[in-house]
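Engineer: Residue numbers (my numbering), protein chains in the order written: chain W, 1 to 137; chain R, 1 to 137; chain Y, 1 to 137; chain H, 1 to 137.
Since the hints were made in silico from the structure, they are not lab data.
Among the hints, erroneous ones may be present.
Repeated chains share a single entry, so a pair holds when one copy, or any two copies, can fit it.
Stated by the list, open to error - List time: in silico PhoX-like cross-link candidates among lysine-lysine, alpha-carbon distance up to 20 Å: (1) K65 with K116; (2) K132 with K121; (3) K87 with K66.
One letter stands for each residue in the lines below.
4 protein chains.
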Amino acid sequence: MEATKYCRKINYYETDQMGIVHHSNYIRFFEEARLDLMEQIGLSYVEMEENGLIIPVLSVDCSYKKPLHFGDEIEIRSSIVKYDGLKMECAYEIYCHDELCTTGHSGHCFLDKDMKPVRMKRAYPELYTKLKQLVEA
Amino acid sequence: MEATKYCRKINYYETDQMGIVHHSNYIRFFEEARLDLMEQIGLSYVEMEENGLIIPVLSVDCSYKKPLHFGDEIEIRSSIVKYDGLKMECAYEIYCHDELCTTGHSGHCFLDKDMKPVRMKRAYPELYTKLKQLVEA
Amino acid sequence: MEATKYCRKINYYETDQMGIVHHSNYIRFFEEARLDLMEQIGLSYVEMEENGLIIPVLSVDCSYKKPLHFGDEIEIRSSIVKYDGLKMECAYEIYCHDELCTTGHSGHCFLDKDMKPVRMKRAYPELYTKLKQLVEA
Amino acid sequence: MEATKYCRKINYYETDQMGIVHHSNYIRFFEEARLDLMEQIGLSYVEMEENGLIIPVLSVDCSYKKPLHFGDEIEIRSSIVKYDGLKMECAYEIYCHDELCTTGHSGHCFLDKDMKPVRMKRAYPELYTKLKQLVEA
């Protein structure tokens, strides 16, 4: 799929005493961008949780190329790069002033309210098809 | 009641680019100290939530007298200063190197899982009596 | 002064296991709104810190009337309510779906890079006048 | 090197509305454990920053095997697994009730206050030797 774009500004409380954004916060930026991506493709995570579907994080990685600073306007480009019916993988790139500053990934599964794996194809056929099509597009 | 004591160290990620602890984190330190206080008096918040009792925060205030820094060993003295059967008020003092650095308060109520107020005297008579006694002691 | 308006959405990572926004995060929302207010009146905090002026927080208070949830679109109305040349006080109201959910205040002083108080009238006469005028307007 | 051990308890504010620790917080737990490791081997990060040496994070990865919950007592086992004079890599394992719940890594470089790479062998020969020996042990 083509990457979706999500923009936001760096907050003061996201910096640390090195004068840059604390590295843990990028994992939160990825989450913001991922939930925005899902909304952009018509999947509201608020609704999904209300319907009993949760999508926890199985893994993350992040590579910090250029530090981000308070006040920076960043653009996060996100895409779903894998989906096999059980697991989903997302990729992220953070740009600031047109420069690539950060890259990362997150891996996810689909669980019901009791934290049991969901057979997506049967339980959520529309979502299953949508994710399949997106990744192949 | 006599204040309980809770000690912890300041983490790097709790600083901001001013080189001091970000002011929002003190509200988290108060929570740590309050939940520790409850354990010290025999009330486990883990168990309370499992039993369907939640104690949300109605209000907080915090006065920052001396800044805290990464690596500082702090001691938080907490006490329950008011309890009328419906609402509870806690007070906090943060010390570092025997100097008073921060003071604050938090106000709370007692709700059930549906966010409805709980009649403590009837529903949790032991807890009611314990809190009453503590405040009067 | 008339309150400035700042809008943002509640992030997933800002919730806690009570299913609502953790109370410490409101202090961060106030900071976002305050720094936005300063930009709206022509004072960039990024520039101010670069010029050696820092505005730490002396006190905060917050009153939680209605909880906020993941996905909520909130509007924060902020204003400077006091300024005497040494200290500044800001007031905040958080609205969600046109309902007042949170109120709060923060108190501030003006320091130089060595954490010494700044004589605003002499050192930053324009900023001094601007803040004076705003509060009286 | 043999892994150092660092213990701490999960705080309420570290949970999210899934009822488990938010995945971004593990990156903070790794930092706590890493700075504790450095102290255990005689390297105080407070002193290092005061002496003008900073150790930013170049990369992180984290694999979430079992979720952590509020109140959990966790043990983080950390070790330095690579050091070539320029870059350092640390590995982490989080245990709860003797079960491995999380694994992860972080990559680091060594910079001076102007964010320039430091020739460790020349500028900090003792630290250089210590890290070399640790990794080979």
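Engineer: Now tell me, hint by hint, if it's right for this structure.
Structural biologist: So, going through the hints one by one against the coordinates:
In the homo-oligomer, the alpha carbons of K65 and K116 lie at most 20 Å apart only across protomers (14 Å), although the nearest pairing inside one protomer, at 37 Å, exceeds that limit. Proximity of K132 and K121 under a CA criterion of 20 Å is satisfied intra-copy only: 10 Å inside one chain copy versus 52 Å between copies. Taking the shortest alpha-carbon separations for K87 and K66, only the inter-copy value of 16 Å comes in at or below 20 Å, while the best intra-copy value is 30 Å.
Checked against the numbered hints given earlier, the structure satisfies every one of them.
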